[in-house]
Amino acid sequence: DPTERAFQERIDAGGKIEPKDWMPAGYRKNLIRQIGQHAHSEIIGQLPEGNWITRAPTLERKAILLAKVQDEAGHGLYLYCAAETLGITRDEMFEALNEGRMKYSSIFNYPTLTWADMGAVGWLVDGAAIMNQVPLQRTSYGPYARAMVRICKEESFHQRQGFDIMMKMCAGSEAQKRMAQDALNRFWYPSLMMFGPSDAESVHSAQSMAWKIKMNTNDELRQKFVDQTVPQAEYLGLTVPDETIKWNDEKGGYDFAEPDWTEFYDVLAGNGPCNHDRLETRKQAWDDGAWVREGMLAHAAKKRTAKVAAE
Amino acid sequence: DPTERAFQERIDAGGKIEPKDWMPAGYRKNLIRQIGQHAHSEIIGQLPEGNWITRAPTLERKAILLAKVQDEAGHGLYLYCAAETLGITRDEMFEALNEGRMKYSSIFNYPTLTWADMGAVGWLVDGAAIMNQVPLQRTSYGPYARAMVRICKEESFHQRQGFDIMMKMCAGSEAQKRMAQDALNRFWYPSLMMFGPSDAESVHSAQSMAWKIKMNTNDELRQKFVDQTVPQAEYLGLTVPDETIKWNDEKGGYDFAEPDWTEFYDVLAGNGPCNHDRLETRKQAWDDGAWVREGMLAHAAKKRTAKVAAE
Amino acid sequence: MDNASLFQCLLRFGDNTLVLGHRISEWCGKAPALEEDIALANTALDLIGQTQMWLGYAAEVEGADRSADDLAMLRDVWDFRNILMVERPNIDFGHTIMRQFLFDAYHHAQLTALSRSSDPRIAEIAAKSVKEATYHLDRSAETVIALGDGTDVSHAKMQNALDLLWPYAGEMFESDDVDAQMAASGIAPDPATLRDAWDLRVRDTLSLATLNIPEDNFAHKGGRTGARHTEHLGHMLTQMQWLQRAYPGAVW
Amino acid sequence: MDNASLFQCLLRFGDNTLVLGHRISEWCGKAPALEEDIALANTALDLIGQTQMWLGYAAEVEGADRSADDLAMLRDVWDFRNILMVERPNIDFGHTIMRQFLFDAYHHAQLTALSRSSDPRIAEIAAKSVKEATYHLDRSAETVIALGDGTDVSHAKMQNALDLLWPYAGEMFESDDVDAQMAASGIAPDPATLRDAWDLRVRDTLSLATLNIPEDNFAHKGGRTGARHTEHLGHMLTQMQWLQRAYPGAVW
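So the sequence lines, in the order shown, correspond to chains W, G, P and V.
If you read the first sequence in the numbering used here, its first letter stands for residue 54, the second for the next number, and so on.
If you read the second sequence in the numbering used here, its first letter stands for residue 54, the second for the next number, and so on.
If you read the third sequence in the numbering used here, its first letter stands for residue 3, the second for the next number, and so on.
If you read the fourth sequence in the numbering used here, its first letter stands for residue 3, the second for the next number, and so on.
Check each hint, because a few of them may be wrong.
Here are the simulated DSSO-like cross-link-like pairs (lysine-lysine), alpha carbons at most 27 Å apart as the crow flies [stated by the list, open to error]:
1. 223(P) / 230(G)
2. 223(V) / 336(W)
3. 156(G) / 223(P)
4. 223(V) / 230(W)
5. 206(W) / 221(W)
6. 206(W) / 156(W)
7. 69(G) / 206(G)
8. 156(W) / 277(W)
9. 156(G) / 206(G)
10. 156(G) / 336(G)
11. 299(W) / 230(W)
12. 156(W) / 223(V)
13. 206(W) / 69(W)
14. 230(G) / 299(G)
15. 277(W) / 299(W)
16. 221(G) / 206(G)
17. 82(G) / 69(G)
18. 277(G) / 299(G)
19. 336(G) / 336(W)
20. 221(W) / 277(W)
21. 336(G) / 223(P)
Label-pair ranges, simulated between beta-carbon atoms [to be verified]:
22. 226(G) / 251(P): 15 to 21 Å
23. 6(V) / 126(P): 54 to 60 Å
24. 93(V) / 229(P): 34 to 40 Å
25. 321(W) / 228(G): 50 to 56 Å
26. 229(P) / 356(G): 51 to 57 Å
27. 219(V) / 202(G): 53 to 59 Å
28. 226(G) / 206(W): 50 to 56 Å
29. 290(W) / 213(G): 53 to 59 Å
30. 287(G) / 76(P): 30 to 36 Å
31. 188(P) / 199(W): 48 to 54 Å
32. 217(P) / 156(W): 49 to 55 Å
33. 213(G) / 76(P): 33 to 39 Å
34. 177(V) / 316(W): 15 to 21 Å
35. 219(V) / 272(W): 30 to 36 Å
Covered stretches of chain W, going by a simulated chain V footprint (3 or more residues, C-beta under 8 Å) [stated by the list, open to error]:
36. 164-171
37. 319-333
Keep in mind the hints are simulated off the structure, nothing from the lab.
No residue lacks a Cβ here, since even glycine has one placed at the ideal position from N, Cα and C.
Please build the complete structure, drawing on both the sequences and the hints.
Next comes the structure, spelled out in structure tokens:
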């Protein structure tokens, strides 16, 4: 098919695809899935951090956390807009999320149990997210790539803030150090899982990479994340909860243990520690908010009618 | 009317009226109002204390408080049963409460703000209640009098527990003493109001006293309460928030300032600090519980049918 | 004018923004629409920022070696000086936005007056804050109008919110000795003087929202003097102050 | 058998009753009927009483000069050893009573076995508690049956509660080194051995209640080891521990 070949050549040459351009149905479908899932992750991702906003230890920490979840909602907004250029509405995506037809990152199905988790989420979870997102600034779909540029700038800021919390905890009291270690213990493997299973087992990988929707293999990114994070843990005086971790001179990176992929598939299947609560919270918010959305629409319609009548 | 005269003579002679006996419509109506109001007060009275069950400072205090609210629910049960002998159902009374057609004691429209309030409620509020209830053990309506006997035994126990909390607070840290004084400051006048306005202004008094539904005047009981409570406050090292309080040798009691009756009527009119929240909590509980009550009734009906079929 | 009164006055400013900011922050991730999530987080953020300034200055004035965080995290209910309205629970989005509007209309008038304070520090904080308050007021007024004049359901919910909150509005205009001292020395306006501007704005907006202002002007009070808060504040503090109470002296 | 393991074992007993007792106590004054208010208060009271005994003994075994109250009021989430199910929020009466039933059926079997413990103190506490647990189980089972076999609405709500809670039941029967030590020394049964009695009772009751047991036997865990509680426990502690945290060392 010459159209399809021309499309692929344009991508190979580093060109951007824009909303009005022709694109293969699979490209469109995969992008909607991927951008939508990313957007949903920003939205659901507000909840584990929102869980500590009301318990933030200082006014400054509360302000920083508020600003962060506000950014996340903003990222959600950019991403939903990017997905909407592909012919799906935000409400359709919300409904797909609420009904379990669309996913969000499995990491947000883990609970935040102490203040140190606010540090660990920023340091590890945002850190892992950035590994994924930085290359996506060069993704082939224009609106997605441009959204990523804005998002990456803020995410790296969030990661630094998370690391700053960890530094404070690790320089603090015994209880704070214990909290920090406990947070690392709980978030280490779930963070590794964020990159997805080894590419051999990943369904969408080869075609997505050809289309430049996916820029690196899962294993590449995971390795990069481990290589970046292990020295940071050492700097903090924390122990990565993996006894097998060891520098491998030959490959120029760390050897490390695989996460428990059974747990990963359990979480995907809905059996993560917080799947039910996270989704229930969003559904409840959506249902409780119906009268507000309807009221606003009705008022906007009245205003339009009044304006037309006045013209 | 000879029937009415015989009725009054029986009361005057100290006899008890029982459910199946003839009684004047006004006697029945007044008793339903009074017993119902008393029952509702036990039910609503659970809420200000329930507010601190989840924050009780020790396991023992939590257990004592739980036992107390359990007693109060039990008192409610006795009293609703007593009222039911007069030809009204508990559900009818609940609905009248929820719709504001029946009242409960105005004291429960005041908030409980610190742990010392658990002491003050026991000491002052239960103390004032007992002043009212002890003579009602001799009231003319049999079921009411018998309910009062059981209730009084437990109430005086509650009052001692409340005083015990106050003693601990007053023997404690500066903050605890301050808490105790603050609780007395907030509960003193509302407790005085519990006896109702001066009898001159009280609508139901004269007839109720003739019928022995009411055994003492409001002012008598208030004086008795003040005379009992002022020395207790002194013993605790607390200051009653009334600069005019002074022993009056001539009357053999304390002189004291009247509470702000405007506030009393505001609270009666629904403008107390907690009227809205208390009633809303009960309505919500009643509405949320509808499916449970209906489910239980439906199951009981099925069991009866099955039993009949089996016979 | 004595320092104790100025301290009380600053607590009243700072506790209002602290407590309302906290309430608003409870919405995180649960608003009716993404735009509202963002707007609520933004409002909470502004209010917490203002709290840092007010309580920071209060701590200096007190001179008892306490910080803004100490004031926020280590006082018990009786020492809080916010009005009762801001500690009311969120209940639903209608109550939340109605409370916000009633407060914003007051806050805007108050900060406008405070930006002319004889105390340069107060004038400076108010000048910064009034820009945020203007934006908050525009937004909450707009939302109240949209929902009041939306569907029958949204109208009923907004009327219900107004009826419930109205008795908590009057406390904003109460005055006492502290206010008298502040007014006399040109530090802060007597709250009673803010009522006309507030009335005008509120009546105008609620009329556009097709909502009826309750006739009863009974006003709950006890928050800004600390005499009697609601039961809700204590529950809020169990969350807000948890970490500082559980790990005293730790650095976060 | 070392003391540290016995301490852990006792925390597991005491934290279950503490946390569930607290959850139940949240119902105060809000139950669907007066009789339920009384029954729930009674259950909470029994559970808190049992907590005093378990944590009292735990504190002695630890020998670190802590009291039962210290253990209840001054540990943070990670040091709690209750199963996740008991820290789940009440949600509604259906969830509350279903959770109670699933726990009571376990608790009854556990206490029956513990009343034959080689540790006389444990045997004594269990013998006292098992009478209460018997009553709790009779009552919660009866209520589950009535509501499961009540109206369509009550049936649906109970099925919903069962579906949600079922993945939290499996943790009750998990074993680890601590349990192995306890079982070896005859102090406490291996939890796995309690499953048959529990299954029998639960299947019998749920069948009478016309409810379907979910087929998926996935089990959440992390509570009894402390590895990973739910987010709900931390919020509970902000309330439960408030006074002891805010006024350290005070006598109440």
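Checklist line | Violations among the numbered hints, reported as their numbers in ascending order | finding: none
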